[in-house]
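**Q** Listed below, chain by chain, are the residues.
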Amino acid sequence: MSAHEYVVRTKGLVKIYTMGDEVLRALNGVDLDIRRGEYISIMGPSGSGKSTLFNAIGGMDRPDEGSVFINDVDMAQLDARELAYLRCHTIGYIFQTFNLIPVMTALENVTLPTVFAGISTDEGIERGMDHHRPSQLSGGQQQRVAIARALANNPSIILADEPTGNLDLKTGEEIIELLRQLNRDHGVTVISATHDYKMVNVSDRVVWIRDGVIAKIEERANIDLQIGQMHGGDF
Amino acid sequence: MSARQPVKPSDTKGGIQKQIQLPFKKAWQISLQGIRIRWMRSLITASGIFLGIAFFSFVRTAGLFPVDMSDKEAVAAANRQSWLAIMALLVCFVGIMNAMLMSVTERFKEIGTMKCLGALDNFVVKLFFIEAGLMGTLASLFGWVLGWLIMVLLHLATKGIEGMATSFWAGSLRELVLSVAIGVVITLLAAVPPARRAAKMPPVAALRSEI
Ligand SMILES: Nc1ncnc2c1ncn2[C@@H]1O[C@H](COP(=O)(O)OP(=O)(O)OP(=O)(O)O)[C@@H](O)[C@H]1O
Ligand SMILES: [Mg+2]
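Protein sequences, first through last, are from chains A and B. Residue numbering for the first sequence follows our numbering, starting at 1 and increasing by one per position. Residue numbering for the second sequence follows our numbering, starting at 1001 and increasing by one per position.
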């Protein structure tokens, strides 16, 4: 049953940026079907449109043409409050720059999505032990808090735009491992735009983007072979 | 293939409902915390209204003392001061609006992130109005006290206790209420453009890296 098989599908996505006379088709007809429970990496050179695709899937930005379906619901048909509900309940966002709310403690950050969902209990905050503010945490710690926050409302999709981009090698590996565990153990679909080849190792599929179109999609089975090549490559 | 399903009005669109409106209390808590932790910035924003109301109160308190109507010079000076006070309020209106617009610009990432986490536009609007209301109230209160104190001390130094009858104290109380009301209204009005800009901030602002 297709209704249960795919969490995300995009049809003919086009996103156009105009700057002066210049017209840039940051996405130029992207069709992508993502199965429930998949771990997907979106890779491609800088400026290829990874973040633009990510924004369209996450309902953060409306495409100029085409549609995004989340659980078979066309996002274009949702009004502002329904979109907010979707962002709050169905999607968890992870950012390269962590994006913890600086005036809140780590714990308050984690529970913020439940506040927006209207299901938070104040006592959770009172009893919480972690009263550190984000600025007192290391990058890796901040990203862990951000991941916990993304999971707060039990989303079916985790969208991560370069989650390891601001982390050192080892911490980046730990974050990737954490995402993989969440994907395996809780069945949450992980979609991650990344430059990080360590991400490829854990992905079910890798979507390669170039100039706003999907250049190729590789299944996990074919990926292992190529890792060796890539290490010697110019990436 | 048609993934687009016929829209059934009663259907909840695959379980998607309308996001709930948060109670005022939540917005209040979050605003208060924001002011507390960003107190330096709050202080800068509030200083505009504080000084404006202090000057306004200074001039209005002077008006509470009996003026010698035969002294043309003194009457003209009092009038001029009233106009100055109104100009001061206008300047502080623009100043506080600027300060708040700047704080919206500083917080684009935070606002975008909140939207990604499910915040509605009008929740963001509430945050900014509560902040403005709180800062307006406190700054006007203290501003009034400062202007009043300076005027009263000046008066005591030059003319002594003369003219500080019951009517002066009653007038002071009236002026206090008036000044705080004016201060709060000015701050809230000045918060309209910043709050709108913040509410319109798209969720994708969370990803922007430039300042
Ligand atoms: N708001 C915008 N206005 C104009 N052009 C934009 C905007 N956002 C992105 N672009 C352009 O669209 C193209 C795709 O950008 P996008 O951010 O999706 O790339 P990316 O693959 O995520 O790159 P990176 O790996 O550097 O993050 C780029 O050429 C970029 O300059
Ligand atoms: Mg990007």
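In short, the hints are calculated from the structure, not lab data. Only a predicted model underlies this, so the values are computations on that prediction, with no experimental measurement involved. Misleading hints may appear alongside valid ones.
[Said to hold, decoys possible] Which bits of chain B does chain A cover? Going by a derived footprint, with three or more residues having C-beta under 8 Å, they are:
#: 1; segment: 1015–1024
#: 2; segment: 1119–1129
[Unchecked claim] 30 Å max Cα-Cα, derived DSSO-like pairs, lysine-lysine:
#: 3; chain 1: A; residue 1: Lys11; chain 2: B; residue 2: Lys1159
#: 4; chain 1: B; residue 1: Lys1109; chain 2: A; residue 2: Lys170
#: 5; chain 1: B; residue 1: Lys1109; chain 2: B; residue 2: Lys1026
#: 6; chain 1: A; residue 1: Lys198; chain 2: B; residue 2: Lys1109
#: 7; chain 1: A; residue 1: Lys198; chain 2: A; residue 2: Lys216
#: 8; chain 1: A; residue 1: Lys216; chain 2: A; residue 2: Lys11
#: 9; chain 1: B; residue 1: Lys1018; chain 2: B; residue 2: Lys1159
#: 10; chain 1: B; residue 1: Lys1025; chain 2: A; residue 2: Lys11
#: 11; chain 1: A; residue 1: Lys11; chain 2: B; residue 2: Lys1026
[Unchecked claim] Here are a few chain A residues that sit away from chain B, every Cβ distance over 12 Å (derived from the structure):
#: 12; residue: Val23
#: 13; residue: Glu82
#: 14; residue: Gly118
Where a beta carbon is used, it is the ideal one built from N, C-alpha and C, also for glycine.
**Q** Look at each hint and say if it fits the structure.
**A** Okay, the hints, checked on the actual structure:
| no. | hint | result |
| --- | --- | --- |
| 1 | 1015–1024 | holds (count 7) |
| 2 | 1119–1129 | holds (count 4) |
| 3 | Lys11(A) <-> Lys1159(B) | violated, 83 Å |
| 4 | Lys1109(B) <-> Lys170(A) | holds, 27 Å |
| 5 | Lys1109(B) <-> Lys1026(B) | holds, 20 Å |
| 6 | Lys198(A) <-> Lys1109(B) | holds, 28 Å |
| 7 | Lys198(A) <-> Lys216(A) | holds, 19 Å |
| 8 | Lys216(A) <-> Lys11(A) | holds, 16 Å |
| 9 | Lys1018(B) <-> Lys1159(B) | violated, 67 Å |
| 10 | Lys1025(B) <-> Lys11(A) | violated, 42 Å |
| 11 | Lys11(A) <-> Lys1026(B) | violated, 39 Å |
| 12 | Val23 | holds, 20 Å |
| 13 | Glu82 | violated, 5 Å |
| 14 | Gly118 | violated, 4 Å |
This entry does not satisfy hints 3, 9, 10, 11, 13, 14, going by the numbered hints stated previously.
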